[in-house]
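J.: What follows is the residue order along each chain.
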Amino acid sequence: MVSRAFAQVWIALALVAISACAAFNPISRAETVEQKALAAYGSLVIGVEQIAELLRPDTLPDDVQSRLIAVSERSAALATAGLAAYNQAQTARAQFEADASTQGRLNAALINLDSWVTRADPVVDDLKSAIRGAQ
Amino acid sequence: MDAITLALTALATLIRNPITGGGSIRAEENVRLLQHLIQLIQGGRKTAEALKEFAERIEAMAAAGHNPSPRDFTEFEDRLTAAMTVVAEAKARVRSREPAPPSDDLNPPMDQ
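Top line first, the protein sequences correspond to chains A and B. Mind the numbering: the first sequence is residues 1 to 135 in the numbering used here, read in order. Mind the numbering: the second sequence is residues 1001 to 1112 in the numbering used here, read in order.
Chain A on its own, in the form it takes in the complex (with noise of 0.2 Å):
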């Protein structure tokens, strides 16, 4: 049956594409908490900008495309909470800079970074997943 065929095609090209795509990890990649930060703000933003290229021509079907903009709304969320305590992070770095003191509240300001990173890792995946197959 050419369905049957078809359907064997499809697993085996699914799973080279999740292969090429799971490979990379900027995350993993980045050793001080900012560096990570970074890394995770930016794989959320490039996973967002991939969707955001998949809508654009309007021909996936509208399930898969109400699935991929939910994701890319809860990623663009987590996104803009985790510049917030970079930004929180990079003002108590200032701080600490003038005044020795408020040590306490730089390494609060990167455990509360550290956590989000955390928290954005798994979306990342969740992002990858999306784009790879919208399953």
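Be careful, since some hints might not be right.
A few chain B positions that, by computed beta-carbon distances, are all more than 10 Å from chain A [said to hold, decoys possible]:
1. Ala1100
2. Pro1101
3. Pro1102
Here are the in silico distance ranges between beta carbons for each label pair [said to hold, decoys possible]:
4. B:Glu1089 with A:Asp63: 17 to 25 Å
5. B:Ala1063 with A:Asp58: 39 to 47 Å
6. B:His1066 with A:Glu73: 15 to 23 Å
7. B:Ala1088 with A:Thr118: 27 to 35 Å
8. B:Glu1075 with A:Pro122: 45 to 53 Å
9. A:Asp99 with B:Arg1079: 32 to 40 Å
These stretches of chain B come out as covered by chain A in the derived footprint (C-beta under 8 Å, 3 or more residues) [stated by the list, open to error]:
10. 1058-1068
11. 1072-1079
These aren't lab readings, by the way, just hints derived from the structure by calculation. What you are looking at is a predicted structure, and each value in this text was computed from that prediction instead of being measured. Note that beta-carbon positions come from the ideal geometry of N, C-alpha and C, so glycine has one too.
Chain A is fixed; fit chain B onto it per the hints.
T.: Frame of chain A, contents of chain B only:
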């Protein structure tokens, strides 16, 4: 066009052709699904390439012992704003195609 996309395009052409046993309604459905798969795989590959490039940028930053500057974040903030504009347009388009909910005005309660 990469090898996978080329192969999928060839398959889509093959099953669309009645001489090769295609052309049935079921085969047409396969063509549609394959076309969507091509689009999604292309998206996945572009994402992989973009993430690979970005991972190399982060790796170089870590190797040099540099922290990112606020400008690095601003660059992505601008890109996110542009992408979400496209997403918002798509959302409005998809919503406009959704069936309207039943209106009470069209089904007034019947007087007994």
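J.: For every hint, state whether the structure bears it out.
T.: Going through the hints against the structure:
{"no.": "1", "hint": "Ala1100", "result": "holds, 15 Å"}
{"no.": "2", "hint": "Pro1101", "result": "holds, 16 Å"}
{"no.": "3", "hint": "Pro1102", "result": "holds, 20 Å"}
{"no.": "4", "hint": "B:Glu1089 with A:Asp63: 17 to 25 Å", "result": "holds, 18 Å"}
{"no.": "5", "hint": "B:Ala1063 with A:Asp58: 39 to 47 Å", "result": "holds, 42 Å"}
{"no.": "6", "hint": "B:His1066 with A:Glu73: 15 to 23 Å", "result": "violated, 32 Å"}
{"no.": "7", "hint": "B:Ala1088 with A:Thr118: 27 to 35 Å", "result": "holds, 29 Å"}
{"no.": "8", "hint": "B:Glu1075 with A:Pro122: 45 to 53 Å", "result": "violated, 24 Å"}
{"no.": "9", "hint": "A:Asp99 with B:Arg1079: 32 to 40 Å", "result": "holds, 35 Å"}
{"no.": "10", "hint": "1058-1068", "result": "holds (count 6)"}
{"no.": "11", "hint": "1072-1079", "result": "holds (count 5)"}
When held up to the earlier numbered hints, the structure conflicts with 6, 8 and fits the remainder.
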